[in-house]
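Spelled out, the chains give:
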Amino acid sequence: MKDFLITPLFGIVLSIVAFEVGIFINKKTGLAVCNAFLISILLIIGFLTVFQISQQSFNIGGDIISFFLGPATVILAVPIYKQLTLLKANLLPVLVGITAGCVTAITSIIGFSKLFKLQAVLCASLVPKSVTTPIGIEVSKEIGGIPAITVAAIIITGIVGAVFAPIVCRIFHIKDKVAVGIAIGASSHAIGTTKALELGETEGAMSGLTIGIAGLITVLLAPILIKWLL
Amino acid sequence: MKLLRQVGIIVGICLLGELLQRLLKLPIPGNVLGMVILLSCLCSGLITLEMIAEVSGFLLDHLAFFFIPAGVGIIACMGLLRGKWLAVLGVCFITTVLIMVVTGHTIQWMQRGRKR
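Going line by line, the protein sequences match chains Z and D. So for the first sequence, this note's numbering puts the first residue at 1; every next one is plus one. So for the second sequence, this note's numbering puts the first residue at 1; every next one is plus one.
Everything labelled a hint here was simulated from the structure, so no lab data went into it. C-beta: ideal position from N, C-alpha, C; glycine also. Possibly wrong hints are sitting among the right ones.
Unchecked claim - Over 10 Å on every C-beta distance to chain Z, these chain D residues come out as not near it, computed from the model:
no., residue
1, Met1
2, Lys2
3, Leu4
4, Arg5
5, Leu20
6, Leu24
To be verified - Straight-line distance between alpha carbons at most 16 Å, and here's what the computed EDC-like set of lysine to aspartate or glutamate pairs gives:
no., chain 1, residue 1, chain 2, residue 2
7, D, Lys25, Z, Glu20
8, Z, Lys82, D, Glu18
9, D, Lys2, D, Glu54
Build out the structure end to end from the sequences listed, making use of the hints.
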């Protein structure tokens, strides 16, 4: 009876159905916490647990979906290219700001992980949590983290960013539109960018532009900084 | 044929990125190199947005979907995370706010310098 599980179709269909349900719930509630990706992952984990299906069976199809992580990263060049004039007009603040954000990210994550007594493998998994998922997965592998934990941390971070960005910017007097956009993009990648787009066109564009650049800077800095600090 | 060619361009760039990474033994992942290659090709006009419009639109619109299997992998990490959830959430929350504040103020400080 469980024969159908050994075809890739099972994992692919389950993922698509779960994602559709996630998008539906997200649209109905309109809440950042009801993130479509988060809901779909919880649904799939629930389904596999209830019907006692192994993760290996799911991954026969799952691996086919994961294949697209490569092309999905390459394509991040498109949003950067579309904002090229905006990037050129603000080149120095963008690069310095994102670099400051990435250095803060890596050092503070290592610092707080040590403070909370997390093992080195968990710490390494959290380090790339503020960059976009496909790049975060690669950085995680590179520095000895566990990609699945990185993905979970990336989603939590994105939701925190999307929910708290307006309050944080108000309390800490971040008012400049370019600064708000880049601050959101550098701290909470694509999920935060959905909130930045609500705040305004400039904020959204700057946030979207930041995703790929922050990923690139983190790729370059994370292995070096982690060698010094961990 | 149009879609197949678009897929070919993007997958070809992926392959080129992986190849460069292995040949030059770079510390940058192949897919990130691919992103840099595509950006260079777009900037130099070698590839236009129209040449990859449909496939890049499809990938960008459904980006989160492709991360699902990676996220489901968390099942295998439950043991490692037992008793650590609160600390992990704490690190995620504190550092996200910190990054936002530092990045925002760095840029505002630079913008003030520029306007003067």
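Structure-based check of all given hints:
no. : hint                  : verdict
1   : Met1                  : holds, 19 Å
2   : Lys2                  : holds, 17 Å
3   : Leu4                  : holds, 14 Å
4   : Arg5                  : holds, 14 Å
5   : Leu20                 : holds, 13 Å
6   : Leu24                 : holds, 15 Å
7   : Lys25(D) <-> Glu20(Z) : violated, 40 Å
8   : Lys82(Z) <-> Glu18(D) : violated, 25 Å
9   : Lys2(D) <-> Glu54(D)  : holds, 9 Å
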